[in-house]
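Trainee: What follows is each chain in one-letter form.
Number of protein chains: 2
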Amino acid sequence: MVLTSTTTTTMKAIIQRVNRATVTVGEEQISSIGRGLCVLLGISVEDTQRDADYIVRKILNLRLFEDDNGRAWSKSVMDREFEVLCVSQFTLQCILKGNKPDFHSAMPAELAQPFYNSILENMRSTYKPELIKDGAFGAHMQVQIQNDGPVTIELSSPAGPTDPKQLSKQEKQQQRKEKTRSKGPSESSREKSAMRSRQDHNASSGAEGDVSSEREP
Amino acid sequence: MVLTSTTTTTMKAIIQRVNRATVTVGEEQISSIGRGLCVLLGISVEDTQRDADYIVRKILNLRLFEDDNGRAWSKSVMDREFEVLCVSQFTLQCILKGNKPDFHSAMPAELAQPFYNSILENMRSTYKPELIKDGAFGAHMQVQIQNDGPVTIELSSPAGPTDPKQLSKQEKQQQRKEKTRSKGPSESSREKSAMRSRQDHNASSGAEGDVSSEREP
Chain A
12 MVLTSTTTTT
22 MKAIIQRVNR
32 ATVTVGEEQI
42 SSIGRGLCVL
52 LGISVEDTQR
62 DADYIVRKIL
72 NLRLFEDDNG
82 RAWSKSVMDR
92 EFEVLCVSQF
102 TLQCILKGNK
112 PDFHSAMPAE
122 LAQPFYNSIL
132 ENMRSTYKPE
142 LIKDGAFGAH
152 MQVQIQNDGP
162 VTIELSSPAG
172 PTDPKQLSKQ
182 EKQQQRKEKT
192 RSKGPSESSR
202 EKSAMRSRQD
212 HNASSGAEGD
222 VSSEREP
Chain B
12 MVLTSTTTTT
22 MKAIIQRVNR
32 ATVTVGEEQI
42 SSIGRGLCVL
52 LGISVEDTQR
62 DADYIVRKIL
72 NLRLFEDDNG
82 RAWSKSVMDR
92 EFEVLCVSQF
102 TLQCILKGNK
112 PDFHSAMPAE
122 LAQPFYNSIL
132 ENMRSTYKPE
142 LIKDGAFGAH
152 MQVQIQNDGP
162 VTIELSSPAG
172 PTDPKQLSKQ
182 EKQQQRKEKT
192 RSKGPSESSR
202 EKSAMRSRQD
212 HNASSGAEGD
222 VSSEREP
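Residue numbers (our numbering), protein chains in the order written: chain A, 12 to 228; chain B, 12 to 228.
Please keep in mind that the hints were generated in silico from the structure rather than gathered at the bench. One should not assume that every hint holds.
Copies of the same chain look alike in the list, so a pair counts if it fits in one copy or across any two.
Simulated crosslink set (SDA-like; lysine to any residue; CA at most 20 Å straight-line) [stated by the list, open to error]:
(1) K144 / E132
(2) K108 / E77
(3) K108 / R135
The whole structure should be built from the sequences, with the hints applied where relevant.
Mentor: Structure representation (structure tokens):
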């Protein structure tokens, strides 16, 4: 039996860059964002706070947006003050048994729901609470995603020791680097200003052009 | 530097089960499907025909739909005669360098485009040509995805020998099994009837209910 590479049990996120995304349950639209990221989040039975912290950090800091000059891959969702719609998606924890999906590596709903809520809270406290939107955990939703580009990134939390004290040397270096980078001249106010109002950069979006031409910088 | 698990260079597909999906370039809607699968496809610089064959086989045979009795995860897109919208998505071949995405493991566009077209042709000849829709390779698109559930599966072609003669014993067994299964009583006509007209099963979709409750069969 062929098992695909989705057999590793790490937290998984599918991040789609959107111009708009909404969640509808039945006839009711329960959530909506404009420009930003639509995140489908799959929690595995083995995930811990460390996986959650990694995924939250990456979602908020990944440079998936252009800057004011139209330079691609230079600004994060926080840099641009865009929104995040995060929807729980256990099917990302899928192991294929032939052509039948098996979801036993997904964290059971009764454990996943409080964990998922804590991840949302983590995002809200790191960024701005009002810019983090949610789905309806466990409900049958229609998630309308206007993928802009399209730009889609799949993210997995690093496999490895689950004890934060056992972070690898590489990861510690990376965390220091991110901390340093956020203090650099071009982004010195990024973290501190997360709670302050900033200028809306939406106007530059039209300058983005053909995504495919941007892949070879 | 932390490299995520997206560093392996295999073909990647993000499969979203949809009630509707469209592709717009500028003001023009160039493609549209109803119920079916929206596939975002990322081709790596190392991919071969074998990766393509695996991904096409899985997209068309994965059991992501309910049957007439509302039993989840029992029918494929072909079983239900639904549509497939396949859009090229090089950003899935992403290696994170800190928070900056790097796409050098994506197959360059001049090679990826004919390969991608051959994958579409493969899907069309395996299923029904008129039920396989496309985006606009390399264009800046808005891909509108109405993810139903949501149900999202990430798929990677198996890493391993690229020579088809070197298929592992496991994979050969799997292929035999799939061949046998398709001759089973419940699906005996699946492949042979792919070119014939079949009854529309859309009417049963309302019976699907809460996706989350289906994960523990």
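Trainee: Decide, hint by hint, whether the structure agrees.
Mentor: The hints, checked one at a time:
no.: 1; hint: K144 / E132; in the structure: within (11 Å within a copy, 39 Å between copies)
no.: 2; hint: K108 / E77; in the structure: between (40 Å within a copy, 17 Å between copies)
no.: 3; hint: K108 / R135; in the structure: neither (37 Å within a copy, 25 Å between copies)
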